[in-house]
Amino acid sequence: MADPTSTDPADVAAVDDAVTRSTGTDGYGLTSGGFIPKPFSRILAEKLALSRSLFGVDIDLGSGSALRKILEVSALEDARTWAALAAIYDNQFVATASGEALSRLGEELGLRRPHLEARGTIKLTAQLPSNVSGIALPRGARLLTLGGHHVALDEAVVLSPASPVRETQVVAFYPGPEHNLDPGNPQQKILWWNPHTQPLTGGERLWPDARYRDLLLRAPRSIWTVDAIRTAISLVPGVRQVQVRDRIGGVDVDLPIFGTFDFIERLFGAERDLASPYTFDVVVAATDGALWDGPDGLAVAIDAAIEDLRPIGVLPRVQPADPVYVAIQAQLVVKGLPLPRGVSGEVINASPAAVALKQRLLARVHAYIDGLDFGEPVRFSEVMWVLMNEPGVTDVRNLLLVPSPLAPGRKPPDVGDNVPIKPTQIATFVDTDTLLRIV
Numbered sequence: 025m026a027d028p029t030s031t032d033p034a035d036v037a038a039v040d041d042a043v044t045r046s047t048g049t050d051g052y053g054l055t056s057g058g059f060i061p062k063p064f065s066r067i068l069a070e071k072l073a074l075s076r077s078l079f080g081v082d083i084d085l086g087s088g089s090a091l092r093k094i095l096e097v098s099a100l101e102d103a104r105t106w107a108a109l110a111a112i113y114d115n116q117f118v119a120t121a122s123g124e125a126l127s128r129l130g131e132e133l134g135l136r137r138p139h140l141e142a143r144g145t146i147k148l149t150a151q152l153p154s155n156v157s158g159i160a161l162p163r164g165a166r167l168l169t170l171g172g173h174h175v176a177l178d179e180a181v182v183l184s185p186a187s188p189v190r191e192t193q194v195v196a197f198y199p200g201p202e203h204n205l206d207p208g209n210p211q212q213k214i215l216w217w218n219p220h221t222q223p224l225t226g227g228e229r230l231w232p233d234a235r236y237r238d239l240l241l242r243a244p245r246s247i248w249t250v251d252a253i254r255t256a257i258s259l260v261p262g263v264r265q266v267q268v269r270d271r272i273g274g275v276d277v278d279l280p281i282f283g284t285f286d287f288i289e290r291l292f293g294a295e296r297d298l299a300s301p302y303t304f305d306v307v308v309a310a311t312d313g314a315l316w317d318g319p320d321g322l323a324v325a326i327d328a329a330i331e332d333l334r335p336i337g338v339l340p341r342v343q344p345a346d347p348v349y350v351a352i353q354a355q356l357v358v359k360g361l362p363l364p365r366g367v368s369g370e371v372i373n374a375s376p377a378a379v380a381l382k383q384r385l386l387a388r389v390h391a392y393i394d395g396l397d398f399g400e401p402v403r404f405s406e407v408m409w410v411l412m413n414e415p416g417v418t419d420v421r422n423l424l425l426v427p428s429p430l431a432p433g434r435k436p437p438d439v440g441d442n443v444p445i446k447p448t449q450i451a452t453f454v455d456t457d458t459l460l461r462i463v
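So the sequence shown is numbered by my numbering: it starts at 25 and just counts up by one.
Just so you know, the hints here were simulated from the structure itself, not pulled from any lab data. Each hint should be verified, as a subset may be incorrect.
Unchecked claim - Cross-link-like lysine to any residue pairs, in silico, SDA-like; alpha carbons within 25 Å at most:
no.: 1; residue 1: Lys147; residue 2: Asp178
no.: 2; residue 1: Lys446; residue 2: Val250
no.: 3; residue 1: Lys213; residue 2: Pro223
no.: 4; residue 1: Lys382; residue 2: Phe404
no.: 5; residue 1: Lys446; residue 2: Leu423
no.: 6; residue 1: Lys213; residue 2: Thr311
no.: 7; residue 1: Lys359; residue 2: Ala380
no.: 8; residue 1: Lys435; residue 2: Leu459
no.: 9; residue 1: Lys359; residue 2: Ala387
Note that this is a predicted model, so its numbers are computed, not measured.
Turn these sequences into a full structure, and let the hints guide you.
Here is the structure:
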């Protein structure tokens with residue numbers, strides 16, 4: 025969109041004399057396409073035309089004249105008024121509102137803007153026995169405090185005798201400012217394996233507009249519906265994706281009889297068997313740090329979230345999704361990174377700059393795969409695009425999408441192959457950097 029406050033002389037064109045005999049608002053203001061603010065250049069051109077009409081065509085309206093400066097200041101204030109009116113109009117709708125206006129629309133729908141999770145860094149230290157070569161902690165491994173706060177590792181960590189100390193990113197499992205953990209408070213200090221010295225921050229921040237708007241646009245305006253239950257479950261901490269299936273309810277348009285039914289001659293359906301319970305299926309893909317079972321587990325939290333939304337006598341069957349674990353293998357060509365020279369490939373790949381690059385690449389792929397829905401394949405082209413967008417990466421060779429573990433009877437993947445996902449499955453990323461090599 026052009027800058028409405030532009031003073032470029034090329035934008036300030038002469039306006040037809042008809043403007044002096046009309047409102048000059050045709051095409052601006054409230055239109056079928058929304059509210060269109062009048063730009064600064066148009067306002068100034070109209071003021072210049074009106075000035076010539078009032079004072080004569082020989083009036084000095086050059087860039088250095090006093091009258092021209094007064095008209096420019098007046099036009100600028102008018103343009104700001106138009107912009108404010110456009111913002112007021114846009115802030116009345118979820119699709120275009122922003123900031124506090126979007127939050128108020130969400131509150132009217134009964135969905136307050138959620139908080140983000142607090143994040144921070146801790147240092148893990150392992151004193152391993154001599155007969156243990158190392159210990160691997162996966163992304164999502166949970167850490168606790170005496171006060172009952174839950175924190176999860178935000179990256180995979182390997183501790184070994186050669187590298188017994190690692191700084192790692194962690195994220196609070198539950199959102200909100202109450203999980204901005206202060207290590208100075210014994211009830212908030214993370215236990216086990218680490219000297220927790222830096223506080224976790226960011227829990228006071230709210231969802232960004234784009235994420236919150238997507239939630240509101242998907243939110244139903246009713247209860248006792250599949251959409252209402254899906255929205256409620258999606259807001260439970262630890263839920264990555266959710267699929268609600270009501271196999272018996274609704275109209276099955278896939279049946280061959282649909283559209284050809286003779287209501288006079290036949291019954292539309294048999295009477296319900298009152299002795300059989302009516303259920304619907306809820307399939308949930310959990311985040312890395314979620315625990316399914318137990319009193320604080322995800323299954324209990326989901327049951328509580330939908331207890332007041334489901335119809336009376338209609339029970340949910342909540343089950344975890346079937347994950348398909350996917351890793352990436354590739355050779356990387358990089359440029360502009362402070363890598364050691366004149367040494368072996370092993371030394372280069374173990375250098376801090378190389379490890380940091382691999383972690384950034386894994387984070388990019390992890391974000392892409394986390395956004396995939398049920399049944400959506402992991403596409404070779406999209407993973408390649410994600411990797412090539414990292415600054416410093418000039419080429420990615422022999423990229424393989426490796427299902428882990430490989431299904432029985434399935435051949436190893438080739439370069440360019442996608443990873444197919446069934447409708448009841450969801451892709452889950454294995455963020456190991458051992459398969460990435462800088463060449």
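Consistency of the hints with the structure:
1. Lys147 x Asp178: Roughly 13 Å separates the two Cα atoms, so the pair holds.
2. Lys446 x Val250: holds (22 Å)
3. Lys213 x Pro223: holds (9 Å)
4. Lys382 x Phe404: Given that 25 Å is the threshold and the Cα spacing comes to 18 Å, the pair holds.
5. Lys446 x Leu423: Cα-Cα ~23 Å, so holds.
6. Lys213 x Thr311: holds (23 Å)
7. Lys359 x Ala380: holds (14 Å)
8. Lys435 x Leu459: Status holds; Cα separation ~19 Å.
9. Lys359 x Ala387: holds (20 Å)
The structure fails none of the hints (numbered hints given earlier).
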